[in-house]
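S.K.: Residue strings, one per chain:
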Amino acid sequence: MIDMILETFETGTGFWHPLVWITVFVIIFLLVYIIRGFGEKKYKKGTGQTQAFLSGNKEYDKQLMHVQSSNLYWGWTESLKWVIDLLKKMHTGIVNDYVLWFVIVMGLLLVFVGLM
Amino acid sequence: MSAIMDMLLAHAPALIIAVPLLGAFLTPLISRVSEKGRNIFAILIVGITALFVFLLASDVLANGTVTYVFGSTAETVRQSTVIRILFEVDALSIFMAIIGVILSFVAVFYSYAFMKENTGLDKYYTLLLLMTTGMLGMMLTGDLFNFFVFLEITSIASAALVAFWTNKVKAVEAGFKYIVISTIGALFFLFAIALLYGQYDALNMAKIAQSIGLSGFTFLDKIALVIFIAALAMKGGLAPMHMWIPDAYGRAPASISLLLVGATQASLYGLFRIVFTVYGDVLTLPSVSVGWILVLLGLVTMLVGVIMAIIQTDFKRLIGYAAVAELGYMALAVGTGLTIVATADPMITLESAPFAMKAINGGLFHIINDALDVGLLFLVAGAVYYATKETSLNKLGGLARNMKYTTVFFIIGLLAVAGLPPFNGFASKLLIYESTYQLNPILAIVAILSSILLLAIFVKVLHAVFLGPSLPQYKQVREVPKSMLVAMAVIAGLIIVFGLFPQVIVTQLIEPAANALVNNGAYLQWLTGGL
Numbered sequence: 004m005i006d007m008i009l010e011t012f013e014t015g016t017g018f019w020h021p022l023v024w025i026t027v028f029v030i031i032f033l034l035v036y037i038i039r040g041f042g043e044k045k046y047k048k049g050t051g052q053t054q055a056f057l058s059g060n061k062e063y064d065k066q067l068m069h070v071q072s073s074n075l076y077w078g079w080t081e082s083l084k085w086v087i088d089l090l091k092k093m094h095t096g097i098v099n100d101y102v103l104w105f106v107i108v109m110g111l112l113l114v115f116v117g118l119m
Numbered sequence: 210m211s212a213i214m215d216m217l218l219a220h221a222p223a224l225i226i227a228v229p230l231l232g233a234f235l236t237p238l239i240s241r242v243s244e245k246g247r248n249i250f251a252i253l254i255v256g257i258t259a260l261f262v263f264l265l266a267s268d269v270l271a272n273g274t275v276t277y278v279f280g281s282t283a284e285t286v287r288q289s290t291v292i293r294i295l296f297e298v299d300a301l302s303i304f305m306a307i308i309g310v311i312l313s314f315v316a317v318f319y320s321y322a323f324m325k326e327n328t329g330l331d332k333y334y335t336l337l338l339l340m341t342t343g344m345l346g347m348m349l350t351g352d353l354f355n356f357f358v359f360l361e362i363t364s365i366a367s368a369a370l371v372a373f374w375t376n377k378v379k380a381v382e383a384g385f386k387y388i389v390i391s392t393i394g395a396l397f398f399l400f401a402i403a404l405l406y407g408q409y410d411a412l413n414m415a416k417i418a419q420s421i422g423l424s425g426f427t428f429l430d431k432i433a434l435v436i437f438i439a440a441l442a443m444k445g446g447l448a449p450m451h452m453w454i455p456d457a458y459g460r461a462p463a464s465i466s467l468l469l470v471g472a473t474q475a476s477l478y479g480l481f482r483i484v485f486t487v488y489g490d491v492l493t494l495p496s497v498s499v500g501w502i503l504v505l506l507g508l509v510t511m512l513v514g515v516i517m518a519i520i521q522t523d524f525k526r527l528i529g530y531a532a533v534a535e536l537g538y539m540a541l542a543v544g545t546g547l548t549i550v551a552t553a554d555p556m557i558t559l560e561s562a563p564f565a566m567k568a569i570n571g572g573l574f575h576i577i578n579d580a581l582d583v584g585l586l587f588l589v590a591g592a593v594y595y596a597t598k599e600t601s602l603n604k605l606g607g608l609a610r611n612m613k614y615t616t617v618f619f620i621i622g623l624l625a626v627a628g629l630p631p632f633n634g635f636a637s638k639l640l641i642y643e644s645t646y647q648l649n650p651i652l653a654i655v656a657i658l659s660s661i662l663l664l665a666i667f668v669k670v671l672h673a674v675f676l677g678p679s680l681p682q683y684k685q686v687r688e689v690p691k692s693m694l695v696a697m698a699v700i701a702g703l704i705i706v707f708g709l710f711p712q713v714i715v716t717q718l719i720e721p722a723a724n725a726l727v728n729n730g731a732y733l734q735w736l737t738g739g740l
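If you read the protein sequences in the order shown, they are chains A and B. Just so we're aligned, residue 4 is where the first sequence starts under my numbering, counting upward by one. Just so we're aligned, residue 210 is where the second sequence starts under my numbering, counting upward by one.
The set of hints was computed from the structure by calculation and includes no laboratory data. Some hints could be false.
Claimed, not checked - With a cut-off of at most 27 angstroms between alpha-carbon atoms, the simulated DSS-like pairs for lysine-lysine come out as follows:
no. : chain 1 : residue 1 : chain 2 : residue 2
1   : A       : Lys48     : B       : Lys613
2   : B       : Lys613    : B       : Lys598
3   : A       : Lys48     : B       : Lys684
4   : B       : Lys379    : A       : Lys92
5   : A       : Lys91     : B       : Lys604
6   : B       : Lys604    : B       : Lys377
7   : B       : Lys377    : A       : Lys91
8   : A       : Lys92     : B       : Lys604
9   : B       : Lys332    : B       : Lys377
10  : A       : Lys61     : B       : Lys684
11  : B       : Lys604    : A       : Lys84
What the hints assert, rightly or not - Not close to chain B: a few residues of chain A, all C-beta gaps over 10 angstroms, as computed:
no. : residue
12  : Thr16
13  : Tyr36
14  : Ile37
15  : Gly42
16  : Glu43
17  : Ser58
18  : Gln66
19  : Leu75
Quick caveat: nothing in here was measured; it's all calculated off a predicted structure. Every residue gets a Cβ at the ideal spot worked out from N, C-alpha and C, and that includes glycine.
Given only the sequences and the hints, what does the whole structure look like? Please build it.
M.R.: Pasting the structure below:
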C-alpha cells in the first residue's frame, strides 16, 4: 500500500516525485536559514532602519499607495493592445453574437469534416 | 446486511439519479417545516448520493463496466434492436460522476452559510439538487436521447440558479444568455440524434456505434458528428463559443459557479464520449483527423481565456476566463491523443501509441484538477464577496490581514491552477506538455505560455485583493463562517493530496478512465454478449 502511494509519477519521457522535491526544498530552506543566522544582528524593528527610502520624498498615506488591479501589467497590455482590442471587439456581450459564433464554427467544421 | 448491500449496489446507477431527484422535490416540503432542516436535508441527500457513487465506483473499478437496464429484467436486445433505456457505467463515467458528486457536496455544504441571508432558498436547494441529478445523469447514461434529457435538466436548473439573485440585473441577463445558448445547443444536439435515429433506428450509444462502424461513416453521420461537436463544444465552453462562461460563472452565486464547472465538464465528457465511443470505429482511422479539430479548439480556448482574463477587473469574471483557458488544456490533450493515432502508422492503435495514451491521461487528469483548482478559486471569490459585498478588483485590497485562512486557500488555488509544483495542476500539465510536444512542439509552448500567464493573472489577484495596506472600508471585515472554510479546506486538501501522490490517482482512476475512453469495444461488448 505504502509502495503504491510513494510510486514515482511517470510522464512518458520523464518522471516526477513531489515528495523528493519537497525534501530537497526543505533541505535548501534549512541551509538558507542557517546561512541567515550568520547575518547582521543589529536589525531593530520599528526604527528608521525598516522604513523604505523614497529618495527623500514624503511618504504618502499607506492607503493611497495600494497599486490597483487595473494598473498592474500596464506594459504587457499596452504592447499587446492590438490583440486585446481585437478580442474585446469579439466579446460584445450580445447573445445573438454568441449564437453567431456557434453557427460560424459549425459551418467551418462542416467544411472540414465534409472534406474528409 | 450483505444482501442489502448487494441490492443497493445492483441498483446504484438508478439510485444515484433517484436520490437527488426525489430530494429535489421533497426540499420545498421540508422547507415548510424547518429552514435549517431543509439545508441539512440537502447536505444529507448529496451525501447519500456520494456514497452510492463511491460504492458503484469500487464495483466498476474492480469488476469492469456495469450496465443497468431500466424497467425490466427481460432481454434488452430483440432482433438486433435495443428496446430499453440503459445506463452504462464504465471507468470514465464513474470518474466523471466522482468529480460531479464532490463538487455538488462541497457546493451544498458551502451554501449553508453562504446563502443564509437570502430568501427563496427552497427553490435554490431544489434547483441545486436537480442540477446534480442532470449532471450525474449525463455522465452515467448509455442512451443519446437520455443524455439530451439530462442535458436539458442541467441547463434549465443551471440557468435559474445563474439568475438566482434576481435583484441584480446582470445576473438575470446572464441567466437569459445561458438559457438561450443552452437551448440552441441542446436543440442542435437533438437534431443530430434524429439524424442517427433516422438511419439506424436506435438511440443507444453502443448500438449506434456498432451501426456507424458497419455503415462506414455515411454523409449523414458526418453532419451529425459536426453538430455534436459544435453543440457540446459550446456547452463545454470551448472558444470562440465560450463567451457565456464568464457571464454565467461571474454572476451566479459562488457555490453555483463551482457546480457549473462540473456541468460544463459533463458536456465536455459528452463530446469525448461521442468522438471516442459513438464514432470510435471511424475516427481513429488515419484519414480522419477530428483530433486536430479538438487540438485547434483547445489552443484557441487557452489563448483567448488567458488574454481576456489578464485584463479583467471583476474577481469572478476573471476566474471565469481562467476556467475557459483550463478547458482548453483538456481539449488540447484529448485531441492530441486522437491526432497522434490518426496520423501514425495505420497499424498503431490508441493502446499501442504510448504518447497518445499519456495525452489522454493528462487531459482526463486535468478534468478533475481543473474542477478542484478553479472550484476552490470560485469559493474564495465567494468568501471575499460574502465578507466585503464587493467583487471589483480595483476596490478590494489588504484582505490578508482580516481573512488569513481564505488567503491561504487562495494561494493554494493560485499555485495549483498555474501548474506549479508540488500541486495537482503541475502533474496533469506535465503530462500534457510532454505528450503535446510529441505531436508538435508549438502546442507545448502555447500550453506552457498559457500556464505562465495564468500564474501572472492570479498573482495580480493576490496583490489586488489580499496584499497591500489595510483599506479603511474593510477594517471591520472578518473571516467567513466555519462551514465555508471547511468547504474550501476540503478542496484544498484534495488539491494537496492529488499533487503529492499523482501516480496513485493516475493508476487508480485516470488510467482505467482513459482505457475506457479509447476502448470502445468494451463499451459495445454487452451488445454481442447479451444482457
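S.K.: Which earlier hints turn out false for this structure, listed by number in ascending order?
M.R.: 12, 18 and 19
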